[in-house]
Amino acid sequence: EAEVAQSPRYKITEKSQAVAFWCDPISGHATLYWYRQILGQGPELLVQFQDESVVDDSQLPKDRFSAERLKGVDSTLKIQPAELGDSAMYLCASSVDLLETQYFGPGTRLLVL
Amino acid sequence: QQQVKQSPQSLIVQKGGISIINCAYENTAFDYFPWYQQFPGKGPALLIAIRPDVSEKKEGRFTISFNKSAKQFSLHIMDSQPGDSATYFCAARGGGATNKLIFGTGTLLAVQP
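Protein chains in written order, with the numbering used here: chain L, 27 to 139; chain W, 609 to 721.
These aren't lab readings, by the way, just hints derived from the structure by calculation.
Result set (EDC-like, lysine to aspartate or glutamate): computed pairs, CA atoms no more than 16 Å apart in a straight line:
1. L:K104 x L:D83
2. L:K104 x L:E94
3. W:K613 x L:E70
4. W:K623 x W:D687
5. W:K650 x L:E29
6. W:K679 x W:E664
Produce the entire structure from the sequences given, and follow the hints as far as they go.
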């Protein structure tokens, strides 16, 4: 069964450092999402791509976060500089197209010291 | 208005019992209501979903009850098993051009053998 792949699975960094996460969606899925899940809360959408275009980045802290999906396949989420409050699980999801079921990857757990 | 309120925060059920998790929303534009199951260290996985034109949907031991007038929906897990122990999230899709999911805060379910 095809799955969304994410790496790394765990990342420990110091505040003010740069950190990057990678996501490879299910093959053929046009829509890709990045969510942030703080411990004890539900996931919150950061950014949504349709192919290589950003559809929704209204909740992305653009002063420090950036996301790209250059070829409309895999995607990278970057934080620079990282802050203590960025410690969370970063989840990637994909769907065949807009309005279709979202399938989540295992996530990257980030700890900022 | 974009919130989805979920209760209880945690739930302990005996094996074979019924687990019930409730969610409420305000935004009548929501058009799709999925439930996700999340095990520790894993990403959320779609369990069952319903649209507002249906009052009930059943898949195996899992049933969603939907009350459009009350703006509430609930997940019922019949014959609960220890393997059902996980965190459950309700969600609602915001409608419009994006597939943005608004998640509840989650319910930690423990099924005791």
